[in-house]
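2 protein chains.
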Amino acid sequence: MTSQATKERLYLFDTTLRDGAQTNGIDFSLEDKIAICELLERVGVDYVEGGYPGANPTDSAFFEKKRTKKAAFTAFGMTKRAGRSVSNDPGLRLLLDAKSDAICYVAKSWDYHVKVALGTTNEENLEGIRQSVEAAVEAGKEALVDCEHFFDGYKANPDYALACAKVAYEAGARWVVLCDTNGGTLPHEVEEIVTTVIEHIPGDRLGIHAHNDTEQAVANSLAAVRAGVRQVQGTLNGLGERCGNANLTSLIPTLKLKPEYADRFEIGITDAALADLTNVSHVFDEMLNRAPDRHAPYVGASAFATKAGIHASALLKDPKTYEHVEPATVGNKRRVLVSDQAGKSNLLAELERLGIAVDKGDRRLDELLRVVKERESTGYAYEAADASFELLARRVLGEVPKFFDIKSFRVMVERRFNAIGELITVSEAVVKVEIEDRMLMSVAEGNGPVNALDIALRKDLGPYQPLIEDLELVDYKVRILNGGTGAVTRVLIESRDNGTGERWFTVGVSSNIVDASFQALVDSVVYLLIQKTRGEVRPIAATA
Amino acid sequence: MTSQATKERLYLFDTTLRDGAQTNGIDFSLEDKIAICELLERVGVDYVEGGYPGANPTDSAFFEKKRTKKAAFTAFGMTKRAGRSVSNDPGLRLLLDAKSDAICYVAKSWDYHVKVALGTTNEENLEGIRQSVEAAVEAGKEALVDCEHFFDGYKANPDYALACAKVAYEAGARWVVLCDTNGGTLPHEVEEIVTTVIEHIPGDRLGIHAHNDTEQAVANSLAAVRAGVRQVQGTLNGLGERCGNANLTSLIPTLKLKPEYADRFEIGITDAALADLTNVSHVFDEMLNRAPDRHAPYVGASAFATKAGIHASALLKDPKTYEHVEPATVGNKRRVLVSDQAGKSNLLAELERLGIAVDKGDRRLDELLRVVKERESTGYAYEAADASFELLARRVLGEVPKFFDIKSFRVMVERRFNAIGELITVSEAVVKVEIEDRMLMSVAEGNGPVNALDIALRKDLGPYQPLIEDLELVDYKVRILNGGTGAVTRVLIESRDNGTGERWFTVGVSSNIVDASFQALVDSVVYLLIQKTRGEVRPIAATA
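Quick mapping for you: the protein sequence lines, in order, are chains L and V. Each residue of the first sequence is one higher than the one before, starting from 1 at the first, in UniProt numbering. Each residue of the second sequence is one higher than the one before, starting from 1 at the first, in UniProt numbering.
Among the hints, a few may not be true.
Each pair of labels, with its calculated beta carbon distance range [what the hints assert, rightly or not]:
hint: 1; chain 1: V; residue 1: P202; chain 2: L; residue 2: A272; range: 44 to 54 Å
hint: 2; chain 1: L; residue 1: R363; chain 2: V; residue 2: S85; range: 34 to 44 Å
hint: 3; chain 1: L; residue 1: N498; chain 2: V; residue 2: E414; range: 30 to 40 Å
In silico contact screen, one side only, chain L against chain V (beta carbon under 8 Å); selected entries [to be verified]:
hint: 4; residue: Y112
hint: 5; residue: H188
hint: 6; residue: T214
hint: 7; residue: R242
hint: 8; residue: A303
hint: 9; residue: A305
hint: 10; residue: E323
hint: 11; residue: E383
hint: 12; residue: F409
hint: 13; residue: S427
hint: 14; residue: N447
hint: 15; residue: Y476
hint: 16; residue: V478
hint: 17; residue: I480
hint: 18; residue: I513
I should point out that these hints are in silico values taken from the structure, not numbers from a laboratory. We put the CB at the ideal spot given by N, CA and C, even for glycine.
Isolated chain L, as found in the complex (with noise of 0.2 Å):
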């Protein structure tokens, strides 16, 4: 009826779990595999490969059963073996024999590769080819054929190359996936290359498998579309071998949002997904227990932030014309980052995205800006540090309960030889508070000054205690401004709520480390008091 009804479709094909599980320092269990499974049909794939059945215990056990409900589960594994038979070769088995939809299988289309890597002939391998797609659509799998080092293989010897991928498709192979294993073909070539094909192959049976090694895994991706082919293979927040597979947290929102690709192709991820994959990928990351790249297209906590003042105000005015995509449709936030160049409008945009209610002509925003400034001409980074910028505008604003009083600290280091002989290295924190007119002194032991502060001051807070419980420091970076001794020490610290899994930076700057460390740490208890206990607790006094 609509336009909706002439747009071709587009098949997003995922291998986070198979080439994706190649990442240099990943290791997924069967509960890692499972829980990603779960992520990827939020996101909504068309196909997910979860892995190569008979390689390894924990992908053997991963497709014991079927794991998706939506998407097409795909087991990855070898075309037959030369010299033997389908029925004869185990591995193959395996294959026919998982619980998957489908069956993507890898084949050699560079005649190089044919000889040196397999030790065949090229006919061996074409039949190889072909007896293993048969076997898989007898089986009543859809078949795949990922034709490896593909481009390479073309220029090299591209009858061969296309006589692979032809015979996949003659077969009954429903894709026959173009892969750039070795990731340094060019969008330009891909773009010539597929052209190709595409005289012998229908656009609609042909994918493209893309990596990054030249940081262009998403252009030979989209330059392999707008030549042809109908479906993209990819991995959640660009993971896999060397420098990562195809980035789908990237190519979503471009085949979802810029008119060239949206206008022409329908694809399997609907707004609503879209609007959530700002969440999804970072709570992949989470999964792989690293920080999110700030600075990820589409979803990175940095992509719409914006630093120079005198964009700010323009922006504000019209942030279209500052925006490539309205943030909202990727689940991602304008930022607009307060900093030394910042104006009232930046301030206020900042405020407004942490709930701050001010009115604009409120005398306090002034006081604000002139305090942000100071402490940023002394060392303070406020936008990198978004929980100590939220208590300072708070404590500005007349808005923070003393929840405690920090009386004195005292940390001690000491490196000498135990009764035994050992070389050690003994560090010991006493943290004296003050809980609405009770003392409290705990002391503590840690790894080093910072560690055995952080342990006394979060020992016993009183009627707090409970509410920091989930608190953990998960990141402290340190950097000294200005260079030599005397000089100033800034301290950035991430924490984590292991309740809720929100994450908060604070700033300490002091010409002391440990001074600096400290402020960070005070900055980040307060911050998660204040969270918990939004109207909860009244404020035993307003610091203003």
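With chain L's structure known, arrange chain V on it following the hints.
Same frame as chain L, but now just chain V:
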């Protein structure tokens, strides 16, 4: 004579110090800018855009003298204000007076922004561009014009966008730079629009300035080059506002190594500088106090890493068929093939660079290789700490005199109210050192624990005291590895000898930050003592 003579020149314009400074969380000091400028000269870019004189005190100070030897030192700023004459615009005056070789003006080329952001007329804006360019040329400077929002502007009003570019060209701008300010333009659009612009302005007067908001800044830059532009703007490691600028660290190897570009273009980067690129990229990240991206194209630690699997044996047979470029060309390493032999040749090259003569067959090399690998696996980063590596090498090779022996240290930091009610923080350190059977004990106060330790350590080193009087700690960086509590802390210290001006880096690793700092401090002192006593002092005892 050769094909070299027939190649077209392609220019690289670096904006790390200007657009890169817009990155969320980045805040360059004058010293940072000077150091980064040296790094950029090491790479060999044609233009270094140093900042915006007049916008802030750092940039103004940076332009008080010419900071480059080879590259064109470029100041960034706005064109003449509407309603003012060239001679009566203080901002323009600052630009013309800055000690730069070139001026890069930013000019609006989207009529909407002319109206909304500048509040002027289309004609006034054109006139401002023309007069500003002429003023630069008259002042004996090369003029460049960044046409802001060019691609979005072109889509909205092609005639006006083109008119802005043309007026800049006709007024004598050496380069008219087409900017994708919001970063949302796609490669095929860049190609189409550049192809049209080039009908009016020759390609060797056009540049491209791309942002990474769809993960295609590199692809957009290359698409523009293919369409005819001959200047590419970008930043080291892709630094820049939001998702970053076009990454020169990815672009340079592609332009130098991929035949499509290498056969057609000559760029100012030598093969030796290309082979230094991985190192430059990592040093820059160290300056920014952030972990290098392991998955970065070309220069990432994993860029040529293959996880053992089906590829491994074939890779060993012929790496070329599994790598899109030879890792050594960009100064990187193949990770699967790190055989002891390959590692040993790296080590030998490094020792030779440091002037340590060792025979290729020396068995202690195997021991050194083992120790380096073991220590790097626990967090040491010798790549960034030359002096500590030299000490380690000399120790394993049995060459370091034992100048002194640390018996113990103790440091205390206390925050409390003093007798007159002021909140103070006191840091005090005690260091016990044995030198030639004499026990020396020193105590010192400092701005913080590390400063106190540093002062106490260098207060009395007996006979060596005169040799270390010019030693100064100039920078101190801390990184937490693996994240979380109980994680390992790596400290990098930069020291300077104020007598000779020499700078060196040392590293310490420990779960305790004070311990790690102390290791790096001691390494720094010992390194200086070795430099000063070479051939003068007889080793007391070799530590093997």
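Against the structure, the hints come out as follows:
no. : hint                        : verdict
1   : V:P202 x L:A272: 44 to 54 Å : 49 Å, holds
2   : L:R363 x V:S85: 34 to 44 Å  : 38 Å, holds
3   : L:N498 x V:E414: 30 to 40 Å : 32 Å, holds
4   : Y112                        : 6 Å, holds
5   : H188                        : 6 Å, holds
6   : T214                        : 5 Å, holds
7   : R242                        : 6 Å, holds
8   : A303                        : 6 Å, holds
9   : A305                        : 5 Å, holds
10  : E323                        : 6 Å, holds
11  : E383                        : 6 Å, holds
12  : F409                        : 5 Å, holds
13  : S427                        : 6 Å, holds
14  : N447                        : 4 Å, holds
15  : Y476                        : 5 Å, holds
16  : V478                        : 4 Å, holds
17  : I480                        : 5 Å, holds
18  : I513                        : 4 Å, holds
Hint compliance for this structure: no hint is broken.
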